[in-house]
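K.L.:
Chains C, Y and S, in that order, are what the protein sequence lines are. Start counting the first sequence at 1; every next residue gets the next number (this note's numbering). Start counting the second sequence at 1; every next residue gets the next number (this note's numbering). Start counting the third sequence at 1; every next residue gets the next number (this note's numbering).
There could be a bad hint or two in this list.
If you only want the chain C side, here are some residues facing chain S, beta carbon under 7 Å, derived [claimed, not checked]:
1) 214
2) 215
3) 230
4) 232
5) 236
6) 238
7) 246
8) 247
Read the hints as simulated data drawn from the structure, not as lab findings. All residues carry an ideal CB built from backbone N, CA and C; glycine is no exception.
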Amino acid sequence: MMRLRIYYPVLAVAALVVVLHIVLAASGNTYYMTQITMSAYYALVVIGLCLLMGYAGQISLGHAGFFAIGGYTVAVLTTCNLTSVRETPAIGLLRSLGLLVQWQDLYGREILSFQPWLAFLAAMLLTVLIALVIGLPVIRLKGHYLAMATLGFGLIIYRTVLGAKTFGQADGISNVPAFGLVGSLQVNGRAPFRVQNYYIAWVAVLAAMVLSLNLIHSRVGRALRSIHQSEEAAHSLGIDTYRYKLATFILSALFAAVGGALLTHYNGSIGPSEATVIKSVRYVAIVAVGGMDNLWGAMIMGVLLNFLSLRGVFGSFDDAVFGAILIGVMIFAPQGLLRVPRLRAVTSLLPRRSHG
Amino acid sequence: MNFALFVQYALSGITVGSVYAIVAIGFNIIYCTTGIINFAQGEFLIVGAMTAISLAQVAPLPVAILGAVLITTALGAVVELVFIRQVRNASVLRLIIITIGLSILMREAMLHIWDEQVRSLPYFTGTEVSTVTILGAHISPQVLWVLGVSAVIVTALTLFFRYTTTGRAMRACADNRMAARLCGVNDRWMVTLSFMLSAGIGALAGCVVSPITQTQYDMGAPLAIKGFTVAILGGMGNSMAAVAAGLFLGLLEAFVVSVLPSSYKEVAAIVVLLLILVLRPSGLFASRDASALRAA
Amino acid sequence: MGSALLETRHLHRSFGGVHAVKDVSMKVRTGTIKAVIGPNGAGKTTLFNLIAGTTTPQRGEVLFRDKPITTWKPHAIAAMGIARTFQTTKLFPHMTVQENVMVGRHPRTHSGFLAGMLNLPCTWREDRETQTRATEILADLGLASYACETASNLSFGRQRLVEFARALATEPALLLLDEPAAGLNIYETQELSRLILRIRDRGVTCLIVEHDMSLVMDISDEVLVLDQGQKIAEGPPAQIQRDPDVIRIYLGDDHA
Chain C
1 MMRLRIYYPV LAVAALVVVL HIVLAASGNT YYMTQITMSA YYALVVIGLC
51 LLMGYAGQIS LGHAGFFAIG GYTVAVLTTC NLTSVRETPA IGLLRSLGLL
101 VQWQDLYGRE ILSFQPWLAF LAAMLLTVLI ALVIGLPVIR LKGHYLAMAT
151 LGFGLIIYRT VLGAKTFGQA DGISNVPAFG LVGSLQVNGR APFRVQNYYI
201 AWVAVLAAMV LSLNLIHSRV GRALRSIHQS EEAAHSLGID TYRYKLATFI
251 LSALFAAVGG ALLTHYNGSI GPSEATVIKS VRYVAIVAVG GMDNLWGAMI
301 MGVLLNFLSL RGVFGSFDDA VFGAILIGVM IFAPQGLLRV PRLRAVTSLL
351 PRRSHG
Chain Y
1 MNFALFVQYA LSGITVGSVY AIVAIGFNII YCTTGIINFA QGEFLIVGAM
51 TAISLAQVAP LPVAILGAVL ITTALGAVVE LVFIRQVRNA SVLRLIIITI
101 GLSILMREAM LHIWDEQVRS LPYFTGTEVS TVTILGAHIS PQVLWVLGVS
151 AVIVTALTLF FRYTTTGRAM RACADNRMAA RLCGVNDRWM VTLSFMLSAG
201 IGALAGCVVS PITQTQYDMG APLAIKGFTV AILGGMGNSM AAVAAGLFLG
251 LLEAFVVSVL PSSYKEVAAI VVLLLILVLR PSGLFASRDA SALRAA
Chain S
1 MGSALLETRH LHRSFGGVHA VKDVSMKVRT GTIKAVIGPN GAGKTTLFNL
51 IAGTTTPQRG EVLFRDKPIT TWKPHAIAAM GIARTFQTTK LFPHMTVQEN
101 VMVGRHPRTH SGFLAGMLNL PCTWREDRET QTRATEILAD LGLASYACET
151 ASNLSFGRQR LVEFARALAT EPALLLLDEP AAGLNIYETQ ELSRLILRIR
201 DRGVTCLIVE HDMSLVMDIS DEVLVLDQGQ KIAEGPPAQI QRDPDVIRIY
251 LGDDHA
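Produce the entire structure from the sequences given, and follow the hints as far as they go.
P.N.:
Have a look at this one:
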């Protein structure tokens with residue numbers, strides 16, 4: 001296997017994650033883990049968006065929409081109560097196929113709903129479908145028209161989840177059950193599962209990083225970078241630029257949806273605030289400040305900035321901070337903060353963009 | 001639907017539509033001169049209205065509005081000088097992202113200066129219960145103010161661009177910046193002027209429509225989306241068509257609301273936007289050569 | 001030598017009111033070097049764009065190996081075996097020289113998204129081959145020592161050579177060269193001539209747009225002359241040199 005050294009940072013981060021756990025446990029601050037876990041799931045969105053913006057060179061101002069699609073789909077499917085129709089033939093069939101599960105919610109009510117893994121699968125399929133439907137016409141557009149179209153898409157999702165009863169309107173959906181993975185591992189936000197979920201989230205993030213790193217160092221990754229740097233030349237070398245951009249769009253949508261689905265199970269709920277334009281802009285700001293095509297930068301900034309935001313460090317200026325970051329990066333450091341010469345010393349610890 | 005109700009909806013649609021048209025014209029002015037789509041356009045309207053509301057507490061209404069327009073115009077100049085001009089060799093996309101950031105900053109600033117309460121300017125003539133009867137429909141006199149002010153803005157701008165030296169210079173910049181510069185036009189000042197103009201007319205429009213739609217700190221973004229939809233619909237840069245397109249969208253929204261729940265009002269505009277971007281990005285009134293808008 | 005590798009029939013393309021290419025029919029025979037010459041604005045680059053798929057003709061056909069490719073997209077045409085270079089070099093500025101050439105291997109390789117993401121073993125061999133082929137081509141063109149340089153750092157002449165190498169990496173049957181000698185000095189132009197001849201001897205047919213007459217006369221088997229979008233003359237270089245119409249469009253009526 002060539003280029004094993006691109007995986008060294010993965011191991012380094014994995015080690016850091018364990019060290020962090022030990023430090024927090026020793027100082028009695030394990031409650032920080034909750035917010036780190038949440039930040040990690042948000043970072044999934046950022047990683048996917050980095051592939052789209054930094055490599056395929058396409059902007060999306062609606063990625064919070066895909067996060068919401070992932071989250072709301074699993075929420076609806078795992079909390080819809082089919083008890084009243086359990087004897088109907090259709091539901092009976094689903095039950096016999098083992099696709100439904102009976103459980104008790106926090107209030108002791110009997111709920112019959114879809115298995116979480118089925119809901120997860122459905123969420124992924126729906127995301128791919130919607131990304132395809134939106135992407136097919138929209139990927140053809142240039143620059144700011146693509147930005148506006150994705151913004152419009154994000155707004156439609158927001159209005160839909162805010163307006164429709166099925167999605168809980170302004171209150172969103174709560175009582176979302178845990179997502180049992182394998183054995184006793186489950187995506188669950190309650191205290192006893194805190195440490196377990198900390199590692200589950202980081203495994204998800206590192207898995208996403210490994211897949212992304214593999215991709216950008218592969219033939220497809222080279223093609224994507226070439227599209228970004230000179231679309232006309234790439235086209236003349238046999239690269240179907242439209243198809244590649246569309247595929248990257250769908251892939252990045254999937255990353256966002258996975259983040260949304262897992263975080264929804266973790267939090268036990270989801271609300272329309274996850275689908276706002278502000279959220280989409282935040283994701284863009286994070287990718288920009290990490291360095292548009294710098295995967296590690298995006299991941300680090302994704303976890304860091306979301307963590308700070310969740311801790312309330314930015315206070316009531318939360319959104320303003322991201323707006324300021326966006327402006328600042330665009331004006332002063334369009335290559336991202338981690339490229340500015342002063343920070344070279346720090347970034348020399350991270351892998352350089354040596355691709356093959 | 002009887003005729004009076006129809007007229008009511010129609011007038012309501014035209015009122016809102018003319019505001020959208022003004023926002024679209026604001027987009028066009030900046031877009032033509034710089035190629036940037038100013039995402040903060042909607043915020044200019046809200047800043048103007050909010051400033052006028054505050055000033056109206058210490059000054060007579062006309063003075064408050066004038067003051068608000070002047071302050072917002074100055075804000076437009078500041079925005080251009082501080083943020084847009086500083087960026088050297090920026091791609092258009094980078095500048096657009098900057099305006100997105102600006103729209104957020106302005107929104108948050110308004111939230112902190114004025115809080116999230118809904119406010120409004122007092123009605124220019126009469127009160128909220130006075131009505132004027134037109135073709136059997138009872139409407140507020142403010143509607144006539146909106147239509148009147150919009151018409152004045154459009155006319156004044158047309159005259160400005162066609163008959164004044166500065167106006168022609170701006171059009172020259174829009175057409176071919178390098179050539180304009182070679183002819184002695186101070187193109188950087190033209191850019192600043194375009195922002196100021198967009199901010200000013202935005203503020204005026206925001207003030208005149210405030211009694212009807214109320215004003216809240218976060219109304220900027222939805223306005224921008226709709227204004228952009230209208231601008232695209234008419235063809236970017238074509239302000240006459242923007243007026244027609246604005247009226248169209250306003251009417252569409254008004255009649256959609258009569259059929260569907262009001263939360264779907266915004267969805268109507270976005271669907272129109274997406275359809276236009278996909279099917280005919282050059283706008284309804286332009287020629288078919290949309291190739292400039294497509295990627296390879 | 002003989003059959004037509006590429007053929008255009010009555011190609012027509014106008015922009016606005018200007019007829020960029022007007023009723024151009026021509027053939028390029030396999031294994032030959034054909035040059036397209038003509039004054040500025042004659043429609044040479046438009047002709048290239050029509051062949052390469054960047055522009056679609058309003059009338060007429062383009063046939064490659066007797067198969068119509070008139071409406072094909074550029075990437076499909078490249079996969080078919082037609083490669084091109086550009087009038088202004090379009091390298092991938094932030095990638096290394098090696099990587100630039102590796103992208104050229106794209107149409108001859110297959111690994112997709114899934115295989116790439118999972119780093120499947122079938123991609124290892126393909127990637128190795130891609131690397132090797134790129135290194136070979138670079139060595140062939142004398143660029144081996146620049147392999148790890150960022151493309152935008154190279155001198156103008158070398159950048160052109162890299163674009164050449166990248167086009168060759170696609171293993172084309174037909175190579176379209178758009179003004180390859182532009183901006184090169186006498187020595188570089190001679191190097192270029194030798195290179196193109198070498199490529200031709202390996203079986204790659206070349207269609208060249210060029211202003212540099214010494215290059216054209218030295219290496220072309222056939223010359224096509226365009227003026228204001230129309231074909232004026234077509235034939236071996238010596239014949240073209242003596243053609244009165246050709247002389248007239250270049251030098252004016254007095255010299256015909």
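K.L.:
Against this structure, judge whether each hint is valid.
P.N.:
Here's how the hints hold up against the structure:
no.	hint	verdict
1	214	holds (4 Å)
2	215	holds (5 Å)
3	230	holds (5 Å)
4	232	holds (6 Å)
5	236	holds (5 Å)
6	238	holds (3 Å)
7	246	violated (11 Å)
8	247	holds (6 Å)
Checked against the numbered hints above, the structure violates only hint 7.
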